[in-house]
Amino acid sequence: MSFDGDGDGGDTDEALLQRFAAGDRLAARALTLRLTPRVLALARRMLTDAAEAEDVAQEAMLRLWRIAPDWREGEAKVSTWLHRIAANLCIDRLRKRRRYGPPLDDVAEPPDPAPRAEATVEAGQRAAAVMAALGRLPERQRIAITLRHFEDYGNPEIAAAIGVSVEAVESLLARGRKTLARELGGGVG
Amino acid sequence: MSLDRIETAISRHGPALERWPAEARAEAEALMAAEPALRRALDEAALVEAALAEAARAHEPAPAALLERIIADAGEVAAARAPAARPAARRSGFRWRVPDFFRPALACAASALIGLWLGQSAMVAQAAQGLIAEEPAAYSETMGAPELAMGYGDLSEAWE
Chain A
1 MSFDGDGDGG DTDEALLQRF AAGDRLAARA LTLRLTPRVL ALARRMLTDA
51 AEAEDVAQEA MLRLWRIAPD WREGEAKVST WLHRIAANLC IDRLRKRRRY
101 GPPLDDVAEP PDPAPRAEAT VEAGQRAAAV MAALGRLPER QRIAITLRHF
151 EDYGNPEIAA AIGVSVEAVE SLLARGRKTL ARELGGGVG
Chain B
1 MSLDRIETAI SRHGPALERW PAEARAEAEA LMAAEPALRR ALDEAALVEA
51 ALAEAARAHE PAPAALLERI IADAGEVAAA RAPAARPAAR RSGFRWRVPD
101 FFRPALACAA SALIGLWLGQ SAMVAQAAQG LIAEEPAAYS ETMGAPELAM
151 GYGDLSEAWE
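As they're listed, the protein sequences go chains A and B.
Taking the working numbering, the leading residue of the first sequence gets 1, the next gets one more, and so forth.
Taking the working numbering, the leading residue of the second sequence gets 1, the next gets one more, and so forth.
Just so you know, the hints here were simulated from the structure itself, not pulled from any lab data.
Note that this is a predicted model, so its numbers are computed, not measured.
There could be a bad hint or two in this list.
Said to hold, decoys possible - Away from chain B, derived, C-beta distances all over 10 Å, residues of chain A:
| id | residue |
| --- | --- |
| 1 | Asp11 |
| 2 | Ala15 |
| 3 | Pro37 |
| 4 | Ala41 |
| 5 | Arg44 |
| 6 | Arg72 |
| 7 | Val78 |
| 8 | Thr80 |
| 9 | Ile91 |
| 10 | Glu139 |
| 11 | Ile145 |
| 12 | Glu157 |
| 13 | Val164 |
| 14 | Ala174 |
To be verified - Here are the simulated SDA-like cross-link-like pairs (lysine to any residue), alpha carbons at most 20 Å apart as the crow flies:
| id | chain 1 | residue 1 | chain 2 | residue 2 |
| --- | --- | --- | --- | --- |
| 15 | A | Lys178 | B | Leu42 |
| 16 | A | Lys178 | A | Arg136 |
| 17 | A | Lys178 | B | Ala37 |
| 18 | A | Lys178 | B | Thr8 |
| 19 | A | Lys77 | A | Leu33 |
| 20 | A | Lys77 | A | Ala51 |
| 21 | A | Lys96 | A | Ala50 |
| 22 | A | Lys96 | A | Val164 |
| 23 | A | Lys77 | A | Asp152 |
| 24 | A | Lys178 | B | Leu38 |
| 25 | A | Lys96 | A | Ile162 |
| 26 | A | Lys178 | B | Ala56 |
| 27 | A | Lys178 | B | His59 |
| 28 | A | Lys178 | B | Glu35 |
| 29 | A | Lys178 | A | Asn155 |
| 30 | A | Lys96 | A | Ala160 |
| 31 | A | Lys77 | A | Ala22 |
| 32 | A | Lys178 | B | Pro63 |
| 33 | A | Lys178 | B | Gly75 |
| 34 | A | Lys77 | A | Gly154 |
| 35 | A | Lys178 | B | Asp43 |
| 36 | A | Lys178 | B | Arg39 |
| 37 | A | Lys77 | A | Val166 |
| 38 | A | Lys96 | A | Asn155 |
| 39 | A | Lys178 | A | Ala128 |
| 40 | A | Lys96 | A | Arg84 |
We put the CB at the ideal spot given by N, CA and C, even for glycine.
Model the full assembly from the supplied sequences, consistent with the hints where possible.
Structural data, given as structure tokens:
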């Protein structure tokens with residue numbers, strides 16, 4: 001199967017979803033090609049596990065297909081809805097992981113890494129470096145940073161999603177940011 | 001405002017000082033003028049935000065196998081939905097509702113009735129033919145065919 005171009009004719013996500021609900025399977029293909037990479041990227045950031053991230057992306061898209069006939073135009077953006085679903089699926093999986101592993105709060109956070117010698121990273125490599133640094137953050141810092149900086153969640157929404165106070169989210173963001181700054185060679189602490 | 005409070009304010013409002021509420025901004029600016037280390041916290045946050053924004057723009061492509069699985073899921077969901085749509089369309093008109101278990105019995109009864117009717121018709125036809133053979137005049141009088149033919153005959157003569 002070729003995945004070159006989604007052939008959506010410039011339709012919005014909502015229009016494509018309505019076309020799919022009306023029986024147009026090409027619309028499903030176009031939506032898949034358009035939405036999956038970002039959903040997958042979100043899941044990869046949150047879970048740091050490629051196979052689990054694929055499962056989450058597939059499950060989120062499946063829920064989109066199922067909700068299609070009941071989708072009401074103007075109520076929400078398809079991409080926003082989909083990312084919320086994916087984020088919740090990731091959080092559920094992280095909770096399950098925690099159930100079978102040590103409680104999160106008992107896991108000692110890694111010591112602050114020493115500032116890297118390379119103060120500057122090539123632009124093309126920076127994204128990969130950021131992703132690697134993000135993946136090394138403690139779980140809740142990683143989720144807080146991901147939801148805030150990649151998904152545009154507000155702090156109260158993050159707090160509700162991961163079940164902590166808003167003040168705790170602010171602290172998670174501050175700690176995560178400091179660690180990332182050090183990892184990226186620009187830390188000041 | 002201590003470093004901790006600056007960090008919290010950055011978590012709340014972001015690293016762009018100009019977007020902070022006026023009161024918090026004024027307080028932070030006064031403190032940063034006295035203690036330059038506090039400004040470095042803002043610079044650090046701005047660096048991280050820029051790096052994360054750059055990372056957000058670059059995503060790896062999704063594997064083709066995953067895309068195929070998702071498209072196949074869409075097909076299955078659409079196929080599962082399709083049969084449900086057909087009975088809904090039929091519901092709009094009047095429809096006999098016969099229980100499934102009763103249908104074979106109904107079919108047998110219908111066949112028997114048709115057979116009976118055909119048999120009866122054949123018997124009636126046979127009896128009628130017998131009557132015609134015995135009394136041809138009676139047939140003519142009953143059906144009126146000879147009179148009709150004569151009438152037409154008269155008309156054709158008039159045309160000529």
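Here is what the structure says about each hint:
1. Asp11: 16 Å, holds
2. Ala15: Answer for A:Ala15: holds, closest chain B Cβ roughly 16 Å.
3. Pro37: Nearest chain B Cβ is 5 Å from A:Pro37, so the label is violated.
4. Ala41: 4 Å, violated
5. Arg44: The claim is violated: A:Arg44 sits with its nearest Cβ about 8 Å from chain B, within 10 Å.
6. Arg72: At about 17 Å from chain B, A:Arg72 clears the 10 Å cut-off, so the statement holds.
7. Val78: Its Cβ never comes within 10 Å of chain B, the nearest being 14 Å, so this holds.
8. Thr80: At roughly 15 Å from the nearest Cβ of chain B, A:Thr80 sits farther out than 10 Å, so the non-interface label holds.
9. Ile91: 19 Å, holds
10. Glu139: Given a closest Cβ separation of 17 Å, the condition holds.
11. Ile145: Violated, since 7 Å does not exceed 10 Å.
12. Glu157: The assertion about A:Glu157 holds, with a minimum of 13 Å to chain B.
13. Val164: 13 Å, holds
14. Ala174: Nearest chain B Cβ is 4 Å from A:Ala174, so the label is violated.
15. A:Lys178 with B:Leu42: 11 Å, holds
16. A:Lys178 with A:Arg136: Holds. A:Lys178 to A:Arg136 sits at ~13 Å (cutoff 20 Å).
17. A:Lys178 with B:Ala37: The hint holds at about 14 Å.
18. A:Lys178 with B:Thr8: Cα-Cα ~12 Å, so holds.
19. A:Lys77 with A:Leu33: 17 Å, holds
20. A:Lys77 with A:Ala51: 27 Å, violated
21. A:Lys96 with A:Ala50: 17 Å, holds
22. A:Lys96 with A:Val164: With a Cα-Cα distance of about 17 Å, the restraint between A:Lys96 and A:Val164 holds, given a limit of 20 Å.
23. A:Lys77 with A:Asp152: 14 Å, holds
24. A:Lys178 with B:Leu38: Holds, at roughly 13 Å.
25. A:Lys96 with A:Ile162: 13 Å, holds
26. A:Lys178 with B:Ala56: Holds, at roughly 19 Å.
27. A:Lys178 with B:His59: 24 Å, violated
28. A:Lys178 with B:Glu35: Given pair A:Lys178, B:Glu35 holds - Cα atoms ~19 Å apart, limit 20 Å.
29. A:Lys178 with A:Asn155: Distance of about 18 Å is within 20 Å: holds.
30. A:Lys96 with A:Ala160: Between A:Lys96 and A:Ala160 the Cα gap is close to 18 Å, so the pair holds against 20 Å.
31. A:Lys77 with A:Ala22: Holds, at about 19 Å.
32. A:Lys178 with B:Pro63: Not OK: A:Lys178 and B:Pro63 at ~33 Å, beyond 20 Å, violated.
33. A:Lys178 with B:Gly75: Between A:Lys178 and B:Gly75 the Cα gap is close to 46 Å, so the pair fails against 20 Å, i.e. violated.
34. A:Lys77 with A:Gly154: Given pair A:Lys77, A:Gly154 holds - Cα atoms ~17 Å apart, limit 20 Å.
35. A:Lys178 with B:Asp43: 11 Å, holds
36. A:Lys178 with B:Arg39: 14 Å, holds
37. A:Lys77 with A:Val166: Roughly 25 Å separates the two Cα atoms, so the pair is violated.
38. A:Lys96 with A:Asn155: At roughly 23 Å apart (the allowed maximum being 20 Å), A:Asn155 and A:Lys96 break the hint.
39. A:Lys178 with A:Ala128: Distance of about 18 Å is within 20 Å: holds.
40. A:Lys96 with A:Arg84: 18 Å, holds
Consistency with the previously given hints fails for numbers 3, 4, 5, 11, 14, 20, 27, 32, 33, 37 and 38, ordered from lowest to highest.
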